[in-house]
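Take the given structure of chain A and dock chain B to it, following the hints.
Chains A and B, in that order, are what the protein sequence lines are. When the letters of the first sequence are read in order and numbered with my numbering, they come out as residues 1 to 402. When the letters of the second sequence are read in order and numbered with my numbering, they come out as residues 1001 to 1318.
Because the hints were derived from the structure by calculation, they are not lab data. All values derive from a computational prediction rather than experimental measurement. Positions of the beta carbon are idealized from the N, C-alpha and C atoms, including for glycine. All the pointers check out, no bait thrown in.
Residues on chain A that point at chain B, a partial pick, calculated with CB under 8 Å:
#1 150
#2 157
#3 160
#4 161
#5 358
#6 364
#7 366
#8 368
#9 372
Read off the chains here:
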Amino acid sequence: MATEPATKGAAPAATPSATPAETPSATPAGTAPAPAGKKNLLGLIVLALAVIYPLAPFIDWGLAAIGAPAANLDRHLVSIFVFAMLALALNLQVGYAGLLQLGISAFFAIGVYTAAILTVAKYPFQLELWGALVAAPIAAAGAGLLLGAPTLRLRGDYLALVTLGFAEVMRVLLLNLESVTDGPRGLNPVPAPWLPSTVESLAGRAATTGHLHQLVIYYTALGCLVALVVVFRNIEKSRLGRAFVALREDELASACVGQNPSRIKLIAFAGGAAVAGLAGALYATNLTTTAEPNTYDFNYSVMVLCCVIIGGLGSVRGALLGAAVLVGFDNVASPMLTRWMQKSAGSDTGNVLLTFSNWRWIIFGTALVLMMRYRPRGLWPAERRREHDGDAQPARAQEGSA
Amino acid sequence: MTVDLIFQQLLIGITNGMVFALIALGYSMVYGVLELINFAHGDLFMLASFFALTLLGALGASNASPGLLAVELVAVVGACALFGAAVNVGLERVVYRPLRNAPKLAPLVSAIGLSFIFQNLGLFWGALPMDVFGGGTKAAAPKAFPDLLPNYNLFGESSSFRLTPKDLVVIVSSLAVMAALYALVKHTKLGKAMRAVAHDPRAARLMGIDVERVIAATFAIGGALAGFGAVIYGLYINTVSYQIGYQNGLYAFTAAVLGGIGNIAGAVVGGLVIGIVRAFSDQLIGAQWQQAVLFTILIVILVFRPSGLLGAHAPEKV
Chain A
1 MATEPATKGA APAATPSATP AETPSATPAG TAPAPAGKKN LLGLIVLALA
51 VIYPLAPFID WGLAAIGAPA ANLDRHLVSI FVFAMLALAL NLQVGYAGLL
101 QLGISAFFAI GVYTAAILTV AKYPFQLELW GALVAAPIAA AGAGLLLGAP
151 TLRLRGDYLA LVTLGFAEVM RVLLLNLESV TDGPRGLNPV PAPWLPSTVE
201 SLAGRAATTG HLHQLVIYYT ALGCLVALVV VFRNIEKSRL GRAFVALRED
251 ELASACVGQN PSRIKLIAFA GGAAVAGLAG ALYATNLTTT AEPNTYDFNY
301 SVMVLCCVII GGLGSVRGAL LGAAVLVGFD NVASPMLTRW MQKSAGSDTG
351 NVLLTFSNWR WIIFGTALVL MMRYRPRGLW PAERRREHDG DAQPARAQEG
401 SA
Chain B
1001 MTVDLIFQQL LIGITNGMVF ALIALGYSMV YGVLELINFA HGDLFMLASF
1051 FALTLLGALG ASNASPGLLA VELVAVVGAC ALFGAAVNVG LERVVYRPLR
1101 NAPKLAPLVS AIGLSFIFQN LGLFWGALPM DVFGGGTKAA APKAFPDLLP
1151 NYNLFGESSS FRLTPKDLVV IVSSLAVMAA LYALVKHTKL GKAMRAVAHD
1201 PRAARLMGID VERVIAATFA IGGALAGFGA VIYGLYINTV SYQIGYQNGL
1251 YAFTAAVLGG IGNIAGAVVG GLVIGIVRAF SDQLIGAQWQ QAVLFTILIV
1301 ILVFRPSGLL GAHAPEKV
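Next up, chain A with everything else stripped away, as it sits in the complex:
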């Protein structure tokens, strides 16, 4: 009984001295949840729009009113989802773990071709999308393990070359092993996803079968993307996420505090490969073909890298933003600008300078160079990096003391 008043008496005495010291750091901590909440709200609004979009034709009307090419936007949206998944995959490898990977297209292609081989009529498996969604990530992760196990100990720039070389080897294999991959023609048609017949007949009254299948692909892709975003946000806060960041910032130090760098690297590498494989399976189903192997070239990998870097390395929302910006540029802005340029120049279609997509690599290249110089953390950087970044807290502390 005697001790309790003593502690009660001590507590008020301690509080005043603690308050001035805590306030400077408490202020940013206190304000942090509000913008985070706003961002979550923004994310939820975007998600809600994405969910209702295919069911709400009025969005198409609205887009048509402002002159955007709205037709078939859902197919473009699926490619944005797929691209965003690729960006998340690369973000896991480059952004979290700091492994410069220049061959993400190889793992994407493995996913695409695994899905195709398991579903097309040429092969006896006929597993449908649902089987492919499981098998493609496993195949890609397996390839990631096989490539990663011997090479991940290499220095950063050498690793970049190995991954680049692997992607080129993969592309040449897909192109030349015609008996397996049908060479430049690609494997097709990749069938639409199977649905229980009751669903088919029920929904068949509301929509055409083709539209129904498109809806299924749309929602599957959206669902996968949302699940991945949730998983990655949780990884960021988890022990594993901090292990990734520690590895990226200082491999030696992370080993010294008891992490196993080669294991963590392998997890990041294989995990990213698996996500890329999943994106591949969805891509093949959306396109109903594997497309030609030259699609999965170095430029494709660099496109994904661009989008991760532009959005912000190590930042989930940055990767999503980057994917939307890049696919939007290619599919919406670029055709519109081309039309505008050719109209204002008197419709000279023969001039390469007047086709806006021909400027693509100058624009992306300049973006990479400028981002590295002036905004290396991207348009929408990761929170954790910003904390480390700032001299903000000492500065505020000085203000407080003055």
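Leaving out everything else, chain B in the frame of chain A:
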């Protein structure tokens, strides 16, 4: 394979290897002083080949008399070397130098960005409405590079082994340039400074070496070699396109790594090995597998012998 065929492929491999070696030297020297894979180097080579093509067209080299042609070729080689050096030094000054203290990823990503900018510029360059560009008139189509060097068989047209003055010009001039480079690095004050910076930049700075000047000089020499290589390549292959930089650049980089990056002799040996392997793989396996073969070699070397064939424990870097 007959003996003649083997020697023929060897010759093809060596001449191609000379071009790879010239590009590889630029990669290797820059890596030596900065530890940067200058991804844009191959595309600089490509731009220089377009520059050479434009100059030759402007000079009307296809119709010049042999004496005049020789003078013009020397002038074009000089101009292209200057072009390569100037562009490379400019890049270093504007793009790479501000990133000196940035994380290692930053200059590499910038270099990739520059590489794409260059490829795009090459595409536009190929679209210029100039008569000098034979071949396709479309921007992306390969352009015919004038076939200016004599192309008859020195062993007589009936011989099955073919060695032409063209091959000899490529091999001899490349060897001469490499010898000059070796002398420069080995015996001049600048060369000594370059070796010092490659060995330890901080210690070099403490010894009073102007490190930034040495880095600029390294970029200048690398660019000049790429410019020279571009003319040689054009005269030998007779076709250029905006995509030659990417592929030859990667092969050259493989060569540099194979020989031990940062090592001058290694880059030359690596270039020759890559050229010869490429020639035989095209002959025996098929040209469509070329890239797969070479990149598999690259991966295997990096995994089992990351310091390269000639890279000893303490490689003599540039």
